[in-house]
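Number of protein chains: 2
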Amino acid sequence: MSFIACLDLEGVLVPEIWIEFSKKTGIKELQATTRDISDYSELMKMRLDVCAKNQLRINDIKEVISQMSPLPGAKEFLYGLKQRFQVVILSDTFYQFAEPLMKQLDYPTLFCHNLVIDDAGRISDFKLRMNDQKRAAVKAFKALNFKVLSAGDSYNDISMLLESDKGVLFCPPQNVIDEYPQLTVSSNYAELNSAFDEFKG
Amino acid sequence: MSFIACLDLEGVLVPEIWIEFSKKTGIKELQATTRDISDYSELMKMRLDVCAKNQLRINDIKEVISQMSPLPGAKEFLYGLKQRFQVVILSDTFYQFAEPLMKQLDYPTLFCHNLVIDDAGRISDFKLRMNDQKRAAVKAFKALNFKVLSAGDSYNDISMLLESDKGVLFCPPQNVIDEYPQLTVSSNYAELNSAFDEFKG
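From first to last, the protein sequence lines stand for chains A and B. Going left to right, the first sequence walks through residues 1 to 201 as the numbering used here numbers them. Going left to right, the second sequence walks through residues 1 to 201 as the numbering used here numbers them.
Worth flagging that the hints you see were computed from the coordinates, not collected in a lab. Misleading hints may appear alongside valid ones.
These stretches of chain A come out as covered by chain B in the derived footprint (C-beta under 8 Å, 3 or more residues) [what the hints assert, rightly or not]:
(1) 76–83
(2) 86–99
(3) 104–111
(4) 122–133
(5) 143–156
Note that the structure is predicted; figures quoted are calculated from it, not measured. Glycine included, each C-beta is placed from N, C-alpha and C at the ideal position.
Assemble the whole structure, with the sequences as input and the hints as a guide.
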């Protein structure tokens, strides 16, 4: 058997980028999440408008993000996981935002989306690589004869978790646990390692 | 645009494992390659028979392989590549053989095959994950809306290179160059970086 472990990024390996970004910049409007504006595209448009209004160009944003760190223990967890599984990060963030954090994690393979940046470094738009990309990636890996394990913390991970041979909720909010009682829940990296290793057998 | 760079392993990042293994163990029969026995499954059966005859168990083999090193400059090349592209290694080797070399390369994501190892550590068989897996992976990545670049050095890479948006022959033998004049040829990592970056634009 060959195994791939798919991990969500924010909430699993790194903090929620926009929440941290809001703290670092002091821009309160950027604290909004999909809980406040449920449509992801609408939320992203609002965020980019706020960045434009505050004259934040991509390098300013990367500078702020480079001051963030992966979650405590994330780097060691990821290194250990790579020794036992092939690992692919499936995230709905953007390559340009993730880069400073990927660097700190030694650049694991990441499937996410792209920002459109103009010659002056302004973020003019964003492009989702495809809809429901996490689930599509899991389906593709299964078709390549991998057994797929995955871990994520929130609603945009559910289709990935349900499509996987083993999907694990990692530190999820209580409402997500309640809605998906069929999914295993792990509260820390040791539990997540155990859940994955148990499936591998 | 989102990009994945797919790399063959042996001949691109590490030496030919069985050739090196033959040198380290002094077992001459293990120098045979697909040029001598064109059927890969037949060749692998012969190799595993020779390992059994010489009472080489998986840990002995891993011990020998752990004395090998990646090709000069490979680690730096790979680290630089990961900063600019998502990288997946597509190889027809086996996870158990590759592991000591993957460790030296900081465990990049690797798609390959598995050995069947019994409780005493003897290699009893091998299982190809699927046929023509390199090409299938490239097709899957394209269906996930990635632009796919790839590099390899020999016949088992050709279907991957031709399926990719940009396929590059890396230090190939002359007969392969002659047979596939449509493919770009790179003779070192600097040229391969240039070929990939030029496509990315």
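Hint check results:
Counting residues of the stretch 76–83 of chain A whose beta carbon lies closer than 8 Å to any beta carbon of chain B gives 3, which meets the minimum of three for the stated coverage. Counting residues of the stretch 86–99 of chain A whose CB lies closer than 8 Å to any CB of chain B gives 4, so the stated coverage by that chain holds, three being the minimum. Here's how the stretch 104–111 of chain A fares: 6 of its residues keep a CB closer than 8 Å to some CB of chain B, so the rule of at least three is met and the hint holds. Counting residues of the stretch 122–133 of chain A whose CB lies closer than 8 Å to any CB of chain B gives 3, so the stated coverage by that chain holds, three being the minimum.
For the stretch 143–156 of chain A, the assignment as covered by chain B holds, since 4 residues bring a beta-carbon within under 8 Å of that chain's beta-carbons and 3 suffice.
Hint violations for this structure: none, all hints satisfied.
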